[in-house]
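Chains as they are written, first to last, in my numbering: chain A, 1 to 212; chain B, 213 to 691.
Some clues are possibly wrong.
Distance windows between CB atoms, simulated [claimed, not checked]: (1) 120/A / 323/B: 51 to 59 Å; (2) 181/A / 323/B: 42 to 50 Å; (3) 174/A / 591/B: 21 to 29 Å; (4) 646/B / 132/A: 42 to 50 Å; (5) 308/B / 95/A: 45 to 53 Å; (6) 31/A / 609/B: 51 to 59 Å; (7) 96/A / 594/B: 41 to 49 Å; (8) 95/A / 609/B: 29 to 37 Å; (9) 178/A / 543/B: 49 to 57 Å.
One side of the interface only, derived from the structure: several residues of chain B facing chain A at Cβ under 8 Å [as the list claims (entries may be wrong)]: (10) 370; (11) 393; (12) 401; (13) 416; (14) 600; (15) 602.
Keeping only pairs whose Cα atoms sit at most 30 Å apart, straight-line, the calculated DSSO-like set for lysine-lysine is [stated by the list, open to error]: (16) 189/A / 398/B; (17) 48/A / 398/B; (18) 590/B / 189/A; (19) 590/B / 674/B.
These are computed hints drawn from the structure, not numbers from a lab.
In this text the structure is predicted, and so the values were computed from the model without any measurement.
Just so it is clear, CB atoms sit at the ideal spot from N, CA and C, and this is done for glycine as well.
Chain by chain, the residues run as shown.
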Amino acid sequence: MTHAIASLPPLAMALPTLNLSPDLLQTILFAIFAALTGGSAIMLVATKNIVRMAVALLMTLLGIGGLYFLLNAEFLAAVQLVVYAGGTLILIVFGVMLTSNSPFSRFEPSLLEKTLAILAAIILLASLLAAILSATGGEAAFANAALPSDQPYPMDALGQALLGDYLLPFELSSVLLLVVMIGAAFLAKGRRRETPADPFVNLTANDTKAAR
Amino acid sequence: MPQLPDAQLLDRAMRARYGFCRMGSVSVAGNSLVESILFNRLLGMHGRVPLAYELIYEFVIAAAVVVPFVLTLAMMCIWMERKVAGHMQSRIGPNRVGPIGLLQSMADGIKLILKEDLCPDAADSLLFRLAPYLAFAPVFAAFLAMPFGPEFTFEPRLSVGVFWVLAILSVEVMGVILAGWSSNNKWSVYGAMREACQMVSYEIPLGLSILVGVMSAGTLNLVTLGNLQSGGIHTWLVCRNPFCFAAFFIYFIASLASTKRAPFDLPESESELVAGYHTEYSGMRFAFFFFADYAAMFVVGGIQAGLFFGSWNDPLGLVGYFHQRFITNGNQIGLLIVNLVAANIFISKAMLIIFLQMWLRWTLPRPRIDQVLYACVKVLLPLSCVLLLGAAAWGLLIESRSGVPWVDYNPWKFADWQHTPEGGALAGLVTQIILSLVIITSFTAVLGWVGYAAMNAGTVKKRLTDPANIVMPGRAAHQ
């Protein structure tokens, strides 16, 4: 059977040649993910409904995850999804649900706040651009910058780097997380003491019988 | 520091075999078996496949294989759920549409398509309409890494395999939360809040128990994991060390919670919250939540099978043996057959785990939400931390000392038996044998029990359903 297949005339000759260079494909994909990221970021700023903001933020984070994939940073993309899209964002929405008193809580900043925010954004953008352009030798550095490699960074090397060369920063960040956890536990515990005692906590079997 | 462990060497070998061809590089044919047969044999392209053709191929695979597979799977699972529920409750279950009711889900689907697509007046209509897709779409992305066979994996080079699936499942929750919130209904919001806190807390034991398995294997790639477990039942991760064996069960419990299955189905507990987050949904949007649920069940079961339970390998290690043999021979037709068998074994294992989930659903009562969170934070989390430490100690004390670990021995490859084991290997071997025996025994016991029940099904059902045997309380007092 295999010989019969091999002896067939090559069908490839009859097929139309579709010229799609890898660069073009990558450009198209980049455009899609960049549009997703930028568009939803604008939506995030423009909308006033807090939960819609969270959805726009989700789209932004997913778009950034896609960009990481294009850069062959698979691990970073997965971490982006777990930590930001699956963790932080859910906590934000959870917080909104617990605290808001109207069904569609709106976020309406005052004019002063808006002005301050725009000023801060402009200053941040300008300083970042200045830092990037001055530190690495101007635009020429971008033109000569090495393209990301074709191979994703191997996971085993990443793990060995985290637990070998960069052990101290790794451990320091975990200590930070521990501090945050202890703080959260302390806050939750302190809050409970202030609330009045739950009337159902100390009910005995006789009490419930009497209530009936 | 020891040089590369076996897992990493194998990983390297896998990479060398598949070659790394990413979006940015020139495409090389032969990424996957079907692709190489299609492009090289049938189309005669001989190793130089235009990128456009490869893209078209991947789109066709995604649209014509993955999507129909997920939809059919969900429909069959819904039928199976109702059948299991029926037999658990001494009923027959659906039996009208098609043979033994097989087409019941199809009929339900037609009914759901024909229903009106309602959106409540007070709901946030944009989010309300968006939420089912947000719950449904990510599950497909998880099929990117599902290892149906050594060459039947959509993306065999995904080095973050298991982690990717975990990430995708955590995105899926967002759809459920949005559905509950945008419905603007108190029951729905309660369901969404329960889902959020349950999911966020159960992700930790889920991730830690996955970590136990991943640490013993030394890789995250699901194809490499499958190849590591190709030597027979004793090489399956669940049999490798006692900590993986325990992590297998913790993973199962945590995965129940993360797919909202009973006894952890608090987000949609029908006795308290009407239907939880999808109370307001009707028609096809309602069906999307069901599809997402059952697809997520398969994904979770597939990860459990792929990580702990030998992936696509049979207990005798024959698939692994023939796979290696055909790779050396270059026998592509043989490889295709091995892959088909492997895919069947993998799907059967995942379905077995889905059956276990259904069995539990119709057996156990539902705990309160505080009990659910107690079980996570105070029971499962410390347990999985202890398992993680234990697995690390096991890897350091026993597996790294044995020069040639018995773990990868394939009984059909006699060359393996000529190695002399060193200290620690014996302990590993004994553990593997004991754990394999435990699994084989329990499996046989369950099979035997099911067979016995099936043989005596008539008498048991008659005894249970005969009105003469049913003792009504109070009947004696009246007579």
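Do the hints match the structure? See the list:
Between residue 120/A and residue 323/B the beta carbon distance is about 55 Å. The supplied range of 51 to 59 Å therefore holds. At roughly 49 Å, the beta-carbon separation of residue 181/A and residue 323/B lies within the given 42 to 50 Å, and the hint holds. The beta-carbon spacing between residue 174/A and residue 591/B, approximately 23 Å, falls within the hinted interval of 21 to 29 Å. In this structure the hint that residue 646/B and residue 132/A lie 42 to 50 Å apart at CB is violated, the actual value being about 60 Å.
Distance hint check: the CB atoms of residue 308/B and residue 95/A are about 48 Å apart, consistent with the given range 45 to 53 Å. Take residue 31/A and residue 609/B: their Cβ atoms lie about 53 Å apart, and the range 51 to 59 Å holds. Take residue 96/A and residue 594/B: their Cβ atoms lie about 31 Å apart, and the range 41 to 49 Å is violated. For residue 95/A paired with residue 609/B, a C-beta distance near 45 Å fails the hint of 29 to 37 Å.
The supplied range of 49 to 57 Å is met by residue 178/A and residue 543/B, whose beta-carbon atoms lie about 55 Å from each other. Taken as an interface hint, residue 370/B checks out: its beta carbon lies about 7 Å from the nearest beta carbon of chain A, inside 8 Å. The interface hint given for residue 393/B holds, since its Cβ lies 6 Å from the closest Cβ of chain A, which is under the 8 Å cut-off. A hinted interface residue such as residue 401/B counts as satisfied when its beta carbon comes closer than 8 Å to some beta carbon of chain A; here the least separation is about 6 Å, so the hint holds.
Evaluation of the residue 416/B hint against chain A yields a violated restraint, the C-beta minimum of about 11 Å exceeding 8 Å. Given the 8 Å rule on beta carbons, the hint for residue 600/B is violated: about 14 Å separates it from the nearest Cβ of chain A. The interface hint given for residue 602/B is violated, since its Cβ lies 19 Å from the closest Cβ of chain A, which is over the 8 Å cut-off. Note on residue 189/A and residue 398/B: the hinted pairing holds, with a Cα-Cα distance of about 28 Å set against a maximum of 30 Å.
Using a Cα cut-off of 30 Å, the hinted pair residue 48/A and residue 398/B holds, with the two alpha carbons roughly 22 Å apart. Among the hinted pairs, residue 590/B with residue 189/A is consistent with the structure: their alpha-carbon atoms are about 16 Å apart, no more than 30 Å. The straight-line distance between the Cα atoms of residue 590/B and residue 674/B is roughly 45 Å, outside the 30 Å bound, and the hint therefore fails.
Comparing the model with each earlier hint shows violations of hints 4, 7, 8, 13, 14, 15 and 19; every other hint is respected.
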